[in-house]
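The listed protein sequences correspond, in order, to chains A and B.
Every number in my numbering is 80 more than the matching position in the first sequence, counting from 1.
Every number in my numbering is 934 more than the matching position in the second sequence, counting from 1.
Heads up, a few of these hints could be off.
Some residues of chain A that are not near chain B, with every Cβ distance over 10 Å (derived) [what the hints assert, rightly or not]:
#1 Arg152
#2 Arg262
#3 Pro285
#4 Ala291
#5 Asp309
#6 Glu331
#7 Leu333
#8 Met348
#9 Phe351
#10 Leu385
#11 Glu398
#12 Arg412
#13 Ala468
According to the in silico footprint, chain A covers these stretches of chain B (three or more CB under 8 Å from chain A) [stated by the list, open to error]:
#14 1084 to 1091
#15 1120 to 1131
For the record, the hints were derived by calculation from the structure and aren't laboratory data.
Quantities reported herein were computed from a predicted structural model and do not represent experimental measurements.
From the three backbone atoms N, C-alpha and C, an ideal C-beta is built for every residue, glycine too.
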Amino acid sequence: MQFGIFSVGDVTTDPTTGRTPDDTERVRNILTIAEHADAAGLDVFATGEHHNPPFVPSSPTTMLGYLAGRTRHITLSTATTLITTNDPVRLAEEYAMLQVISDGRMDLMMGRGNTGPVYPWFGKDIRQGIALAVENYALLRRLWTEDVVDWSGKFRTPLQGFTSTPRPLDGVPPFVWHGSIRSPEIAEQAAFYGDGFLHNAIFWPMEHTAAMVNFYRERYEHHGHGRADQAIVGLGGQVFMRPRSQDAWNEFLPYFNEAPVYGHGPSMEDFTRETPLTVGSPQQVIDRYGAFWEQVGHYQRQLFLMDHAGLPLKTVLEQIDILATEVVPVLRREAELRRPADVPANPPTHAEMVAAARAAGQVHEQAVAAADHWTGRTAEDDVEAADAVTARG
Amino acid sequence: MSKASIVVVSSGVSQPSSTRLLADRLAQAVHDELAARGRQADVRVVEVRELAHEVVNMTLTGYAAAPLAEAQAALAAADGVIAVTPVFTAGAAGIFKAFLDVLDTTALAGTPVLLGATGGTSRHSLVLEYGVRPVFTYLHADVVPTSVFAATDDWAEDVDDVKSLPDRIRRAATELADRIAAKAPTRRAGLFDDVPSFGELLGG
């Protein structure tokens, strides 16, 4: 079972000092946090994608590409990549590039975002959110699995004779998760493709998370990818720990009370009871997170939100150390002891997906492109070639 | 025929509350009118005051704590709803609107609804028509034509000899009971009941 952290990338004033980092400092802190998580032995670092303040991570593949060079073991991922408002052609290109650069040490998670105006800012209609997620992802998969794509759909200009480069590493696309909190259609999409499904449960009662996950599991089996209990599931989580439970509570309370989303809302007593937020000793986190499998079955990835609400960098790094040294080894061991032998321990690695593709008889051959007749010319010199792929209506 | 399920939403904030008093009168009248049509009814009262913190929390966090989720589920499954609010500052009580704001927008679609309000004077009697009825119309509820406004004076005898409060309650209750009796019991699809197959999603 994998354990990691995910960052929303919010710039929030530290309520205990009144200090607010600027965007540059926050971006650099996120990079430090990710490198620290790698050194501490966590399995995953995932970044969000946002296009409005107070969030800084607008360009995930730039950040993850840098981290691919700076880290050694950690899987780099997203939480989430906006499949609705990004051009699927750019996603195919950018994440194939990241896959090549990281030598397959990455995956990504599709989502629809949390900010309504992102849709109109990128020329999309928010009422088409699900339809965009479905069509864009279908195109993205074709761009990764087919060398030359002719395509037309509702939301993007048609493609004729298009090849997305670089081709995926070893001819095998990255593993994809789909994240959704409330939309069963997205669980259905993940199940249809045999992709992973992550429920970011951090603001939701576990009963709802279990209902969504179990719906995905049933549909995964229905679509013929394996048994329901073999589907690839991830959960979001949120913890704050100190050796003494009361110290954790006292230290985190001012951050909780002022935090975006839940600040000034429910009390920390209510919120820790109703949602997976756990504030206390490492043992309390082990007890709580070590029991979620009873509601959702054995799952493959647990992500924690650790660097939000204005927590200072030093505190976040300490939290990562506590998580990696005192919590994760226990949870990992317990998960491995109870996992049925034919249920995957982890989401598939690149090497495993390559092996599966070869076993299924898929051979990786890089198609040889026609000679380069573009270098040294301007695009406008190439009117004929542009005309040749323009859809005539 | 199964028992009709009536959910009463009462948004009074004081104890005792004239809003609750009106809500109870309306509920009793609807219960009796249904009985006269041979239909049994279960009446359940949701006191918004008791859910006020959960309503604010859901407004901020997006999820319903258990007691609020349970009240919302009861409303969605109701065969008829009686919604009563006090008038504060020339409009429905804020907590009443806040309670409606965190309701799923499909929860009351097609549900027969009777509106009631209480206020200091009859000069506020149109609040239900311009301030509350449009909200339920937006929710696609089936709001009965007669809504009942009770001013403080209405609780005295013979304030209005022509259309007294009991007469108005009876008329509104008749309208709601007619609708409930004529309608098949409410069956609302759960979150996972009507999910299109992926083929439909792709083809759509």
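Checklist entry - Out of the numbered hints, which ones does the structure contradict? => result 2, 3, 4, 9, 14
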